[in-house]
Amino acid sequence: MKIYKENNINNNFDIKNDIQVKKEDYKYHSNKNYKVDYLLSHNNISNSDNFLKILFPEDISCGSSSSIEYSTSVSQGVGGHEQRNINWCIPKMKFTIPPSIRDYNKLSEIISLFRIAKGRAFCFLFKDWGDYTVKNQIIGYGDGNKKSFMLFKEYILNKFKEIRLINKPRIDSCKIFIDDKLCSSKLYTIDNDNGIITFSIPPSFKQQISFSCFFDILVRFDMDYLNYTVEGSNIYEIGEIKLIEVKWSRYIFSKTDF
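Counted the way our numbering counts, the sequence shown spans residues 29 to 286.
Hints were generated in silico from the structure; no laboratory data involved.
Ranges of calculated distance between the beta carbons of each label pair, as one might list FRET restraints:
1. Lys81 <-> Ile114: 24 to 34 Å
2. Thr100 <-> Tyr160: 24 to 34 Å
3. Ile229 <-> Val258: 53 to 63 Å
4. Arg198 <-> Ile229: 16 to 26 Å
5. Tyr132 <-> Arg112: 47 to 57 Å
6. Ser101 <-> Leu215: 45 to 55 Å
7. Asp200 <-> Asn133: 20 to 30 Å
Where is the CB? At the ideal position from N, CA and C, for every residue including glycine.
All chains, please: the whole structure from these sequences, using the hints.
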């Protein structure tokens, strides 16, 4: 089993979104067009830019509870007025898989993953059953020169919008459209380590590029121990499993026009 290292990239990509720069993170604001200038390594934990190209077993992850976590500092003055500071502009997902009864094969699969990941040390792929699809998402427009586009998903409510970068698309599920017409897979490649589509021939001026796909996210165990119990012949109880999303990179955006 190989451990793959994420490669940092240093290319320019156009992206149609709502992003305002705030130091090393980004937040969503106003209705502007922006460009990815560069990508920085994010080393919160040792070897955080290394991950196992292994998908957490879907039949075990199904039924997990999911949480979206932000970090906000709230201070209150004497008069009761609040001042709120956004510490994380990009949230982290947390998952809890409740105890479950499994056979020996499934127990062995979880034990193997836990040992190879060395508890909290290495991250791997996970399917969030509540949010794993992108459908007909517009990601940019051609100008006759640019070939590469970043994959992302928009969350829209009334006039508000937030962007989520899709770093781990499932290649076999990806469908790329140019002006709403399905594009042949022979005309592009998809980097599912970074979530980038690259056309062999640049789309023409003002041609709309959109895509649909399933995607996974990077997570790690949020514990350095794994509990399991022998309940009977080929019957095992796997204890509660906690997972947390790993932000392996940070994007810096600057304003640009199409």
